[in-house]
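Those protein sequences? They're chains A and B, same order as listed.
With our numbering, letter number 228 in the first sequence gets 228, and the count goes up by one each step, no holes.
With our numbering, letter number 96 in the second sequence gets 96, and the count goes up by one each step, no holes.
Hints were generated in silico from the structure; no laboratory data involved.
All residues carry an ideal CB built from backbone N, CA and C; glycine is no exception.
It cannot be assumed that every hint is accurate.
To be verified - Computed Cβ-Cβ distance ranges for the label pairs, DEER-style:
1. B/ASN145 - A/PHE78: 33 to 39 Å
2. A/PRO126 - B/ASN145: 57 to 63 Å
3. B/LEU250 - A/PRO193: 51 to 57 Å
4. A/GLN161 - B/ARG168: 22 to 28 Å
5. A/LEU251 - B/ARG214: 55 to 61 Å
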Amino acid sequence: MRSRLNAFIVIRDILGFVLTLAAVVWLIVLGGEKMGYSWHWRQIPRYLFMVTAGEFHPGPLLQGLVVTVKITAVSLVFAGIIGLATALLRLSASTVGRWLARGYLELIRNTPLLVQIFFLYFVMAPIFNIGRTATAIVALSLFEGAYASEIFRAGIESIGQGQWEASISLGLSRYHTYQRIILPQAIRRVLPPLTSQAVSLIKDSALVSTIAVYDLTMEGRTIIAETFLTFEIWFVVAAIYLVLTLTLSALAHGLERRYPRIA
Amino acid sequence: MDAPSDLGNRDAAIIVADHLVKTFPGPVRALDDFSVRVKRGEVVVVVGPSGSGKSTLLRCLNGLEALDSGSIVIDNIPLDENERNRLAIRREVGMVFQAFNLFPHLTVLENINLAQCLVRKKNKKEATLATRELLAKVGVGDKINTYPDELSGGQQQRVAIARALALRPRVMLFDEATSALDPEMIGEVLDVMRVLAEEGMTMVVVTHEMGFAREVSDRVIFMEAGKIVEEAATEPFFLRPVRERTKNFLRQIL
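My request is simple: use the sequences and hints to build the entire structure.
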């Protein structure tokens with residue numbers, strides 16, 4: 001009974017997905033016709049990769065993808081560290097620490113990422129003599145770290161006072177209480193919003209193309225400038241981002257299933 | 001662990017709490033110039049209406065709540081601003097909560113091993129050995145690899161008692177340990193507490209179980225509004241209460 005119901009739900013979902021996809025494609029074709037746009041999909045594959053004499057050569061889009069993945073992966077790690085540190089600072093007993101964390105959070109959260117990227121690139125990068133890629137990573141880490149810190153803080157505050165009291169009355173230090181008791185439960189709880197934030201990071205990384213970092217978006221723009229294959233390239237670029245974000249979501253989902261225990 | 005000198009002054013107080021004052025915003029005087037001494041091996045039951053400061057007393061005794069004024073010395077260690085002393089007292093004092101407060105993301109074994117490894121610096125093997133012994137003692141030896149949410153309330157509370165005992169404390173504090181339990185599970189937890197008392201553990205017990213109090217305790221303190229209304233050895237307390245307020249209270253709950 002149960003498995004039959006599940007099979008029904010799966011079929012219904014797949015059907016819904018296919019129908020939606022068909023509708024979108026139909027709309028795109030219709031729009032193209034109305035504009036008098038002529039499609040040249042056959043030219044697209046070589047911007048992804050080429051195989052000459054049995055050898056694989058990544059095209060500009062794949063090269064851009066590699067840059068995007070590198071930048072987002074490194075930024076993800078730093079954003080996590082910055083986010084957790086900021087959250088702990090905000091919850092600390094130190095007044096100065098709390099104000100520092102608050103100041104950073106409000107400054108980053110209330111200004112556009114694009115402006116931050118420009119500020120870091122044109123003002124800070126020359127002072128500290130760091131390159132474009134490094135600047136991009138710093139900007140993304142600081143930006144997403146601010147949001148991540150609020151997620152961490154919410155997670156930590158959601159753990160009941162009783163857990164603290166039990167741990168402290170067992171003689172555990174504040175550090176061990178965070179490390180062994182509070183954070184494992186808190187992070188498990190905020191895995192879904194953290195995943196959303198990581199997905200945002202991937203998408204926000206497109207903005208680093210504005211400081212001439214040759215990521216996926218920048219490569220796409222360059223190809224379009226040369227070929228005028230505007231729609232084809234943007235669709236392909238969007239599809240690649242989609243694959244990237246869906247992969248990340250799937251990984252996070254796997255993590256959630258692996259650690260199902262929740263208070 | 002037990003130094004011979006401990007045997008020499010068996011009658012000496014292990015808990016010395018003088019003139020405790022604790023206020024909460026409101027303002028509520030949860031402890032109002034409250035003093036108490038508990039001897040080694042003594043079982044003291046604290047009773048009183050809700051909001052009388054019983055829980056606050058226990059929470060102050062192991063430093064979970066900071067005092068406004070007054071002094072607490074446990075096993076000759078003063079509970080003061082010194083972090084080292086605080087940690088030392090928490091090693092000597094085990095606490096059992098009304099809501100169990102087991103760690104839900106850890107198994108029963110990990111719950112009990114944790115403080116042994118981090119605080120008593122035992123290795124995992126030694127800790128696990130002690131944990132098995134303790135679990136057998138509280139009667140949940142077969143649950144060692146389960147998670148807390150797979151246990152009944154009574155089992156959870158017995159695991160929580162084992163967890164507190166794992167540090168080999170000299171004093172155990174019980175904060176309404178059976179109040180959150182279904183009636184049929186109260187007995188199994190009280191049984192464990194009874195065994196501890198018989199073994200000579202120093203215990204301060206906040207409870208509404210008067211039958212248990214009468215049977216197990218050496219002394220009863222009746223408190224209200226942060227003060228001691230009446231304090232007496234168990235038999236006289238129940239048979240010949242002096243104060244009118246105590247008589248009323250006993251009439252209501254017995």
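Does the structure break any of the earlier hints, and which numbers would those be? Going through the list in order, the structure violates no hint and respects every one.
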